[in-house]
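Chains A and B, in that order, are what the protein sequence lines are.
Taking my numbering as reference, the numbering of the first sequence is continuous, increasing by one, and the terminal residue is 564.
Taking my numbering as reference, the numbering of the second sequence is continuous, increasing by one, and the terminal residue is 107.
Simulated from the structure, these hints should not be mistaken for lab results.
Please read all numbers here as calculations on a predicted model, not as lab measurements.
Positions of the beta carbon are idealized from the N, C-alpha and C atoms, including for glycine.
A couple of the hints might just be wrong.
As the list claims (entries may be wrong) - Sample of chain B residues facing chain A (criterion: CB under 10 Å; computed from the structure):
| # | residue |
| --- | --- |
| 1 | 12 |
| 2 | 17 |
| 3 | 66 |
| 4 | 69 |
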Amino acid sequence: MLRGAEIFLQCLRAEGVDLMFGYPGGAIMPLYDALEGSGIRHILTRHEQGAIFAAEGHARATGKVGVAVATSGPGATNLVTGIADAKMDSVPLVCITGQVRSALIGTDAFQETDVFGLTLSLTKWSRLVRSIEEIPAVIAEGFHWAREGRPGPVVIDIPTDFLKAKMEFSGPAKFTPSPRPSDAKAGNAFPDSVISLLQKSQRPVALIGAGAKLSGAIDELRALLDELNIPTFATVHGLGAVEPSAPYYLGMVGMHGTRAANMALHENDVLLVFGARLDDRVTGDPTRFAPHSKIVHFEIDPAQLDRVRQCEIPIIGDLAQTIPAFHKKVKNARLPNWSEWRAVACGEDRAELDPRGLAQPTIRFLDELFGRLPENSIVLADVGQHQMWAAQRYRSASPRGFITSGGLGSMGFALPAAVGVQLSKPDATVVCVSGDGGFQMNIQELATVRRLNLPIKMVIVDNKYLGMVRQWQQLFYQRNYAETDLSDNPDFVEIAKAYRINSQRLQEDVMREYPVSEETGDRLERFLNSSEPELLVFDCAPEANVYPMVPAGAALSEMLFEED
Amino acid sequence: MHAFHIHYRNTQGTLMRILTAVSRRGLSIEYLVASTSGAGHRADLLLEVNEKQIGQLCRDWHAIVDVTDVRVGTPTPEMLNAATGFVGPHPPVSAGAGGRSASAAMA
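Make a model of the complete structure from these sequences and hints.
Given below as structure tokens:
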């Protein structure tokens, strides 16, 4: 006879779980009581939101399912932002929440919350466990749906009495999904119409999103793009999928994308979309998005098709299958010579940022920092101006090398996510770039960093504002800086010292020298090469802005630049 | 008005997921009947939606794990009548409160 908690943990092990992040409390205590000897390492964060973001970091860095644990009531509700984040960014996640004992459910018991109900629209699948006997089947099915197709978050809510109860355990369950009638209709043949479309095209382009990376078909994608040799750009989650040095690669597209990428996305006549949702940050004004385009959308999740613009040819399926099938067709086809279009789209007059933008000290700082990173580095960005600067300046061919909260835009994501990343990739140089606003949203995780002695390199780009909101207030609300002033920020250097973390401050003036002084270069080298956790506060001009910028409601071709 | 017929396996929360796809768009549900249908279950909904919303809803519903089929059709007279005709006591009348409404009884 085994306790439900022991069965639960054995089933997690059977799903390959060896690391999970959480915070104990009343209803989930039996699971914690059974942890020792389970073969699963548990990381105690200092807030449940820290736990779920750390689990996301682990999942995003490895492709494995992240696991977050919390107790009932406030523990469970503190997971909600992370669940929504994982849904938006297709992160495989299983959240385990303790629930009050089954007899008390529905009585408004102490720390009772209907976590199943409140996460219904945020989860891909969820279950309130109704008996100890259900545990193995629920875990098997939950992990299946977290991984399968477009990955996403799953919630398993378990009443505390089922964790304490005992039963004979014959081993973990296996889950086989029931086929849906519509699944049988899907054909395997790759449609010739895509080739016909390309043969008539004069200005084709390719847009790469997160789905291309999630499919694992990076080599296949790069081979296809080399063959096509058409202007190519990536969403913020598609960064790293394409070799940055590829002659046809134009960088990031969207609201703060490069001039070249946005212009090519506006001007093309055939748009090949590989695993991107085409959300509003990528399309700008949807009514003026890619006005001349015929869209071929490669996508695993049919729910993502036609959300903003109807596509002409949907290619539904795992990109690991559809990309090679398309490549085979491309190889056997006679396609037009697009060199003139390539010369226009990739021309020097469309250089990614104007010279004044490149001289901006924060951009210089990020260039100096990223330029010193070893190959096995992973950069995390929080949410705001620094995120967009980091995305613009990130130059790596590592598909899982840039991690950020893109869809939900959850401030406070980066620091706890970096905990998960560093634990999963102990040999990697993990750099966590935050703003002064976002860093304070999960600043308590400095304690987790210290406790585990994780050598994360934390950077705060400190402009003493909620910078991105302030930028919008400046540009679109007549400089009415309502409630975005953070000039009374604490001294982050002293705070880090209180957590016994090495810390230093760098003034932006040192980045006005070109090249930077030997002393500054050495400081950055020492910062990156330290075997300890390190915090660097970069003092940034309060009113520095991120450019290029496509104003909300504008077309992609209507970018604002520094000189404007 | 469009009628939607969503076939699903009646697992925990599946009907609610079907409905939240509607409520997240701020749409009113004019008619809803959920019942068994063959080996599974079926929800019939009547919604005032545009062409784009039809596509989005159908895809969202189809993405729900236990939804097996989604159909769009013309509303039946029964659906249209039910959508406009029903007037019932609200809040419910308390049996022991002399016809006072439940909220009045609790005041």
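We went through each hint and held it up to the structure:
no.	hint	result
1	12	holds (6 Å)
2	17	holds (6 Å)
3	66	holds (9 Å)
4	69	holds (6 Å)
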